[in-house]
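Kindly produce the complete structure, drawing on both the sequences and the hints.
The opening position of the sequence shown corresponds to residue 1 in our numbering, with each subsequent residue numbered one higher.
No wet-lab data here; the hints were simulated from the structure. These numbers were taken from a predicted model, which means no experiment stands behind them. Check the hints yourself; a few may be wrong.
Okay, the calculated beta carbon distance ranges per label pair [stated by the list, open to error]:
(1) Arg-59 - Arg-138: 36 to 46 Å
(2) Ser-15 - Asp-171: 21 to 31 Å
(3) Ala-179 - Gly-3: 41 to 51 Å
(4) Ala-66 - Arg-114: 51 to 61 Å
(5) Leu-34 - Ala-14: 12 to 22 Å
(6) Leu-109 - Asn-31: 34 to 44 Å
(7) Arg-167 - Arg-143: 16 to 26 Å
(8) Thr-91 - Arg-114: 20 to 30 Å
(9) Glu-49 - Pro-92: 32 to 42 Å
Note that the Cβ used here is the ideal one computed from N, Cα and C, for glycine as well.
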Amino acid sequence: MLGVLESVRAWQEASEHGWALDTDIALQGRNRLLHLSLVQSADRETRAELSAWEGRPVRWAGQLSAAGHDLLAYARTRPTPAPPAPEPGATPVDLLPSQMAALRVFVGLSDQLRVPVAQGLAERVRTAVHDRGAGRWRLMLTREQMESVAYGFWLHRLTGSAGEANRFNRDYSILYSPAAGTVADPARTSGPEVAQASPESAVTGAIYPG
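Structural data, given as structure tokens:
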């Protein structure tokens, strides 16, 4: 959204008439800005003048509203919060939005769960950084925290969706095994205990059906 708003500002400054036109800003982008009252549209008389200026029909023209101007000013001066320093041994973990949503539910239930959420995981979730270009959430997690994430995705799998656990296993080779109460890792001969459970069958090394 800020990128589209910045484009409106740039076209205003670049054009001699001081308007961003329909050919400058995509319909979807300007509709969103209009919905948020961040731009103001030219009236019919102004569009007629711009059509004569451009030598073609101008179906829309816009300028930053006062709120749009203020938003850009605020965005330029607002400091970008720095994530906390990673703990020793932490590695970068990238999660899809659906995985992050499931993880937030898991840590939000920490005061109700018998198997405790790994220490520090809730803070890492709270301070996760969103990479808009990649469409991923970036966290720096220790091995213990990653195993806790795998347990949370196992709980999520049992309530409906296996995709989050399967993707985490594909990306990081970590899968919670309810039969053994452990997190499976192909690089290990045995995993650390996470929970004591007695389900009907093991899923170590398995891909859950979606």
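Legend entry - Hints that the structure is at odds with (numbers, increasing): Numbers 2, 9 - these are the hints that the structure violates, sorted from lowest upward.
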